[in-house]
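Kindly produce the complete structure, drawing on both the sequences and the hints.
Quick mapping for you: the protein sequence lines, in order, are chains C and A. Take 0 as the starting number for the first sequence in numbering that gives the first Met the number 0 and just add one per residue. Take 0 as the starting number for the second sequence in numbering that gives the first Met the number 0 and just add one per residue.
Misleading hints may appear alongside valid ones.
Stated by the list, open to error - Partial chain C-side listing against chain A, Cβ under 10 Å, derived: (1) Ile213; (2) Pro354; (3) Gly356; (4) His483; (5) Ala485; (6) Leu488.
Said to hold, decoys possible - Covered by chain C, according to a simulated footprint, are these stretches of chain A (three or more residues, beta-carbon under 8 Å): (7) 114 to 125; (8) 316 to 328; (9) 351 to 363.
No wet-lab data here; the hints were simulated from the structure. Ideal Cβ placement from N, Cα and C applies to all residues, glycine included.
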Amino acid sequence: MLARISAATLVGVVGHPVAVEVHVSNGLPGFTVVGLPDVSCREARDRVRAAVLSSGLAWPLRRVTVNLAPSGVRKEGAGLDLAIAIGVLVAEGDIDARSVENMGFVGELGLDGTIRPVPGALPLADAVHTPDVVVPYANVAEASLIQDRTIRSVSNLRDLVDVLKGEGEWSPIPEAVEEPVLVAEPDLADVRGQHVARHALEIAAAGGHHLLFIGPPGAGKTMLAKRLSGLLPSLDVKTAIEVTRIHSAAGLGLPVGGLIARPPFRAPHHGASAVALIGGGSSVLRPGEVSAAHGGVLFLDEMGEFSPAVLDGLRQPLEEGSVRVSRASGSAEFPARFLLVAATNPCPCGDLGRPGGCFCSSASRFRYARRLSGPLLDRLDLRVHVQRPSGQDLFGGRCGESSAEVADRVGRVRNKAIGRGVRCNAELSARQLDETEPLCADSVAMLEVAISAGRLSARGMHRVRCVARTIADLEGVDIVTPGHLAQALQLRADPVAVNREVDHVR
Amino acid sequence: MFDDGLLPAEAWVAALLQLDSMGPAKMRVVLAGRTPAEAWAAIVSDEPMETSATLRQRWRVKARSTDVKALWEQHANHGISILLAESVGFPARLVGDPEPPDVLFVEGDLGALRLPTVAIIGTRNCTQYGSDVAYEFSRDLAATGICVLSGLALGIDAAAHAGALAANLAPPVAVVGSGLDRIYPNRNRALWKSVAQAGAVVSEYPLGSAPLRWHFPARNRILAGLADVVVVVESGEEGGSMHTVAEAATRDRTVMAVPGPIRSPASAGTNHLLADGCAPATSAGDIVAMLGLCPIIEATQPTPIVVADKSHQRILDSFCWQSVDLNTLVERTGMDFSVLSIGLESLTQTRQIVQRGQWFERTTGRH
Numbered sequence: 000m001l002a003r004i005s006a007a008t009l010v011g012v013v014g015h016p017v018a019v020e021v022h023v024s025n026g027l028p029g030f031t032v033v034g035l036p037d038v039s040c041r042e043a044r045d046r047v048r049a050a051v052l053s054s055g056l057a058w059p060l061r062r063v064t065v066n067l068a069p070s071g072v073r074k075e076g077a078g079l080d081l082a083i084a085i086g087v088l089v090a091e092g093d094i095d096a097r098s099v100e101n102m103g104f105v106g107e108l109g110l111d112g113t114i115r116p117v118p119g120a121l122p123l124a125d126a127v128h129t130p131d132v133v134v135p136y137a138n139v140a141e142a143s144l145i146q147d148r149t150i151r152s153v154s155n156l157r158d159l160v161d162v163l164k165g166e167g168e169w170s171p172i173p174e175a176v177e178e179p180v181l182v183a184e185p186d187l188a189d190v191r192g193q194h195v196a197r198h199a200l201e202i203a204a205a206g207g208h209h210l211l212f213i214g215p216p217g218a219g220k221t222m223l224a225k226r227l228s229g230l231l232p233s234l235d236v237k238t239a240i241e242v243t244r245i246h247s248a249a250g251l252g253l254p255v256g257g258l259i260a261r262p263p264f265r266a267p268h269h270g271a272s273a274v275a276l277i278g279g280g281s282s283v284l285r286p287g288e289v290s291a292a293h294g295g296v297l298f299l300d301e302m303g304e305f306s307p308a309v310l311d312g313l314r315q316p317l318e319e320g321s322v323r324v325s326r327a328s329g330s331a332e333f334p335a336r337f338l339l340v341a342a343t344n345p346c347p348c349g350d351l352g353r354p355g356g357c358f359c360s361s362a363s364r365f366r367y368a369r370r371l372s373g374p375l376l377d378r379l380d381l382r383v384h385v386q387r388p389s390g391q392d393l394f395g396g397r398c399g400e401s402s403a404e405v406a407d408r409v410g411r412v413r414n415k416a417i418g419r420g421v422r423c424n425a426e427l428s429a430r431q432l433d434e435t436e437p438l439c440a441d442s443v444a445m446l447e448v449a450i451s452a453g454r455l456s457a458r459g460m461h462r463v464r465c466v467a468r469t470i471a472d473l474e475g476v477d478i479v480t481p482g483h484l485a486q487a488l489q490l491r492a493d494p495v496a497v498n499r500e501v502d503h504v505r
Numbered sequence: 000m001f002d003d004g005l006l007p008a009e010a011w012v013a014a015l016l017q018l019d020s021m022g023p024a025k026m027r028v029v030l031a032g033r034t035p036a037e038a039w040a041a042i043v044s045d046e047p048m049e050t051s052a053t054l055r056q057r058w059r060v061k062a063r064s065t066d067v068k069a070l071w072e073q074h075a076n077h078g079i080s081i082l083l084a085e086s087v088g089f090p091a092r093l094v095g096d097p098e099p100p101d102v103l104f105v106e107g108d109l110g111a112l113r114l115p116t117v118a119i120i121g122t123r124n125c126t127q128y129g130s131d132v133a134y135e136f137s138r139d140l141a142a143t144g145i146c147v148l149s150g151l152a153l154g155i156d157a158a159a160h161a162g163a164l165a166a167n168l169a170p171p172v173a174v175v176g177s178g179l180d181r182i183y184p185n186r187n188r189a190l191w192k193s194v195a196q197a198g199a200v201v202s203e204y205p206l207g208s209a210p211l212r213w214h215f216p217a218r219n220r221i222l223a224g225l226a227d228v229v230v231v232v233e234s235g236e237e238g239g240s241m242h243t244v245a246e247a248a249t250r251d252r253t254v255m256a257v258p259g260p261i262r263s264p265a266s267a268g269t270n271h272l273l274a275d276g277c278a279p280a281t282s283a284g285d286i287v288a289m290l291g292l293c294p295i296i297e298a299t300q301p302t303p304i305v306v307a308d309k310s311h312q313r314i315l316d317s318f319c320w321q322s323v324d325l326n327t328l329v330e331r332t333g334m335d336f337s338v339l340s341i342g343l344e345s346l347t348q349t350r351q352i353v354q355r356g357q358w359f360e361r362t363t364g365r366h
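In structure tokens:
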């Protein structure tokens, strides 16, 4: 009469265990689902009924009540379909309740009884507190990443009922892929010329410093940015699982092995809304692009074209490495630790604010500059000018180093940073810097000049020292010299100095 | 208000110019057969004139609430004098001008206009080269006793005034496109005050006039009219400087142009002028000679700056006196990025190069 099945639902990127209680009683035939289901979840009624009938099983001509406990958590999506169907069959006595006692169910049902994949299978299967979890076949790879569960799968409801009755076999689970299959990433060797930009890319990857490319369209800003994730070391197991959870919950594609082992690269269009970028939503809280880029690279092409409010939303994730989204329906925290790479034209005409060369009105240049200024710009440690490469570079120039060679150095610097107790050099505190590398007199003099010339703020000086530390690490040098600081200063030029010259004739 | 009869004509003209949409054409209508004082009285008593009734109505309301004497005193308090075409001290060069201004507001002393005059003009969006040349030419011209004229805009104009002031001899004169109490652009406030104190700032617009877009071409005609020689330092193919050149041509003033790199957009206009047969200005001496005077100054030589460090010299040489970006410097010098960065830092510190955004430019080290 009463069945209780373990299942789970997603809140943000985290699964919450749900007990599906099914009660079948005498009365007018009917089927109600209670316990805060959203629309797609309530529609489970029709899918489950059709799937049960299509599978050649009997649907009870009685009153069926489904309760999704705890009733305080909003249930979203179709991932509870399978659990509801099994619950009905158990309550009807078609399946022995003992056979599903230690088993959880995750999956959507088709009208013909097939078990369809669901987004977020990894966090969902993780949230089900039973030793065995049944997931759709397409989700097996990601669900298998959970260590202490036995993942089971069959292709449709009929087969599942047979297995539970002891009349069939589970589908064979593919062997977990030991070495994740590496998809070829774009190689840095393809970039011709662009010495400074390459250098900056290497520093950004090695020290986790956020990077801004300034240059006209077609200069290769996007090309360079795309090569950044290839320079980063592969994700450690903990981060990899975290990233996979987010991508799984967001319904993004996962690699064959299920685990995202390489840093992701996300490049949202500049029309993106705040919710698309940061995460949120009115009824269902979804991770945004910043979370999809967790552990990897977030590339904002044409940063000047993003709406200022959207860019402002980046401040919290840049500061804290996570995003907290609160809505009336609840709140969720999404991890969002990413390397930001932004690209922009220096002014609307794109002629780089070249002295005597740019024909934008100063008022329009000022508007552009305003979007790029302030707290966000302050967090971009490296600001590099990218020029269109000359024909000589494109056809005659020799290829630069390959990504593999650079990644090797990057990996060494990252390990050094971990030895200092931080994830990367960008996270070094002022005290740590003072302890490991007190400034020499020449360095102090250089920084003093830069500060008194208004080129550097107090925060800026700290950032420059972090970058200089990374440069020294890349060279394999323990002591930071004025040369390292000078490089860091040169790579931190104010991109909008020219544009600030306001001059508007009405 | 009736003891105002003692006020000079200039005061009444200043008051008339405060009326709505009062320009040269309306002024002519209003002053037809009347003295300025009579014109004012006519407006107050709503005498029929060849203007629309609504405009006359607006004028009357405004005129009745205006205290002409207070306005006159306001000019005096600001140290602003008003010159009509018939006033003593009205610039002789503008007499017989095809489009002379009806009135000039002057802050400072126009006595410098008795000297030979050279207008140094150019684009607001100039390069360091243009800015340096404008500064040096103006400094040397002023030191020779030539009055340097310009428009107090950003870029070349500002450098020209700064150079003329640095010579501390012949006072500079600026012609501007806004009311004398509306300093524009604000960044030139200090320069404006210095020019007014040393020489004069001139405008044909009454107090309170905003720097409207169409004021500047009109300002350019006065600039061309006041100059014996017009020198264009840097200009694109189009722009205010080319307009001044056209105005100078209609007034038979000599136009000279400073040659620039053929690849520099800021020199496109000047190089075009040279191709059209303009005389090149390669030193202040060229300009002085063009005025028919004997140059008593040494032609400007780029001051040889002693550069102690060999690598610094290599960096400076790689500029070729153009604006270059960091990547180009890396390629041209072939230096290690670390050495180059240190060099750039110290050259910036000694102001042998300047950095604007991502661009580096070499200077002649004037500041």
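Taking the hints in turn, this is what the structure says about them:
A distance limit of 10 Å between C-beta atoms decides the matter here; for isoleucine 213 of chain C the minimum to chain A is near 6 Å, and the interface restraint holds. Hint on proline 354 of chain C holds. Least Cβ distance to chain A is approximately 4 Å, under the 10 Å limit. Because the closest C-beta pair between glycine 356 of chain C and chain A is about 4 Å apart, less than 10 Å, the hint holds. Given hint, histidine 483 of chain C at the interface with chain A, holds; its Cβ is 7 Å from that chain's nearest Cβ, closer than 10 Å.
At a threshold of 10 Å, the smallest CB-CB gap from alanine 485 of chain C to chain A is about 4 Å, leaving the interface hint in force. About 6 Å separates the beta-carbon of leucine 488 of chain C from the nearest beta-carbon of chain A, less than 10 Å, and the hint is met. Residues of the region 114 to 125 of chain A lying with their CB closer than 8 Å to a CB of chain C number 4, which satisfies the three-residue condition for coverage. Counting residues of the region 316 to 328 of chain A whose CB lies closer than 8 Å to any CB of chain C gives 5, so the stated coverage by that chain holds, three being the minimum.
Counting residues of the region 351 to 363 of chain A whose CB falls under 8 Å from any CB of chain C gives 6; the rule of at least 3 is met.
The structure meets every hint from the earlier list without exception.
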